[in-house]
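> Model the full structure from these sequences, guided by the hints.
Quick note: the sequence shown uses the numbering used here, first residue 5, plus one each step.
Just so you know, these hints were derived from the structure itself, not from any lab.
Note that the structure is a prediction, hence the values are computed from the model and not measured.
Just to be clear, a hint being listed does not mean it is correct.
Unchecked claim - With a straight-line Cα cutoff of 20 Å, these simulated DMTMM-like cross-link-like pairs (lysine to aspartate or glutamate) come out:
1. K235 to E306
2. K23 to D305
3. K23 to E111
4. K235 to E111
5. K235 to E99
6. K23 to D289
7. K96 to D38
8. K96 to E140
9. K235 to D305
10. K235 to D267
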Amino acid sequence: MIGIKRRTFLQALGAATRKRPNILLLMTDQHRADCLGAAGNRVIRTPHLDQLASEGALFRHAYSSTPTCTPARAALLTGQSPWRHGMLGYAKVAERYPVEMPRLLREAGYHTTGIGKMHWSPMRNLHGFHQTILDEHHPMATALTRAERSDYESWFQAQMPGANPYATGLEWNDYRARAYVFPEALHPTVWTADTAVRFLNAYSQPNPFFLKVSFVRPHSPYDPPERYLRKYRDADLPPALRSDWSGRYARRSGESNEPWHGDFGPDVVRSSRQGYYALVSQIDDQIGRIMEALHRRRLLDETLIAMISDHGDMLGDHNLWRKSYAYESSARIPFVVRPPRGFIPGFRGGRVFDQPVEIRDVLPTFLDAASAAIPEPVDGKSVLTLLRSPNAPWREFIDLEHDVCYSPANHWNALTDGRRKYIFHAPSGEEQFFDLERDPGETVNITDPGQVRPWRARLAQHLQERGEAWVRNGALVPRPASQLLSPHYPAA
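Structure (structure tokens):
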């Protein structure tokens, strides 16, 4: 039997008479924290997400501990740190975990539905959902059977028999941008929102719902409809960041259109960002449609809404592309929570929090909202604690890591509190340390021993439980070899 934390049992007991809200999780894929108007970006157009933040809370220092798709989704599913859920890098989400978000909410009396990208294996695994309606973006060129196609792909084939939904011609991790070649109504972003709106319009069950709406964009391909590209044609898009250490990544990694590093010049960066910003604005418009559906059903003030992403996107910063890095463009994510009206006495929208939070905090937040106890294996924290009491005790830092990805050289562990960041590059033992308050772009690597030493010691203490391959005699140990899974990864 899974243990229950005493504090969460008492919290649930005290809230037993509170009406349980519906729970809506809005998730984007590969969405940088700085690509949100509410986060201070004056170029990007995200009015609906900005409204959510103005009515709720924005967490300025939100991170993805293992910033690629599948380990981030394992953290979301389990509420656990990488070592606890077992994925230290990009691997398959296990078929079953001791704790799983949809299953726990279902057991708490919620009707659970997932729409869009889950990125689970097998694809149709439910992990406790009553139903999933999927867009997993498998290339049609691989001759998938109908059973293996996602629901979006099957729907697309019904609308456009024989057509390839990927005919825009961009690859899955492409750095190029191009307008979507089909009518906008066929775009996967629109399909995901359409499916969510239909669900909300038809929902008639007596139980509250948990609805996860997971968009496959702004992850590349950067293929927005033309009208969204036009919005940013003359925009003052930010150039790529450069640093005292980014020269090592200037050479292009291979000849494909899916590089992980390379300096392609400012025009290419601008084109990529134009496509990316356009995708974010398209998603924002579709989120607006979902909010309107909630409003029409008079559910908006009975629903807790959270918005998050699995990781960011380098977009050429420091000559890096894609994700999997410890740097802010890759690891820091948007995180917004809007409680129902009157749900938290005295709470006023528009709060901005600087405490370090992470994807693992979503599950305990939802269980807290549902008046359900938080099981012992969950090591995330409910952010509703901060909404109730902004000065409540909180963690000092969040741990970040990624096993070998793209190259044996890209393999690291890190700690950050949102103000400072320490990175240990595992193959060589090279260190980087950044003052994020003065240098949010991480352009200057600080080598002052007095500043670096305490953070090195913190990381060594954090990794101590992993054994001598990680920490020996209290010191961090270089690890050229890969360890993709921890001993806690569930056996098949």
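> Against each hint, give a clear statement of whether it holds in the structure.
Now for the hints, and whether the structure bears them out:
| no. | hint | in the structure |
| --- | --- | --- |
| 1 | K235 to E306 | violated (34 Å) |
| 2 | K23 to D305 | holds (12 Å) |
| 3 | K23 to E111 | holds (16 Å) |
| 4 | K235 to E111 | violated (45 Å) |
| 5 | K235 to E99 | violated (42 Å) |
| 6 | K23 to D289 | violated (30 Å) |
| 7 | K96 to D38 | violated (28 Å) |
| 8 | K96 to E140 | holds (14 Å) |
| 9 | K235 to D305 | violated (32 Å) |
| 10 | K235 to D267 | violated (26 Å) |
Comparing the model with each numbered hint stated earlier shows that hints 1, 4, 5, 6, 7, 9 and 10 do not hold.
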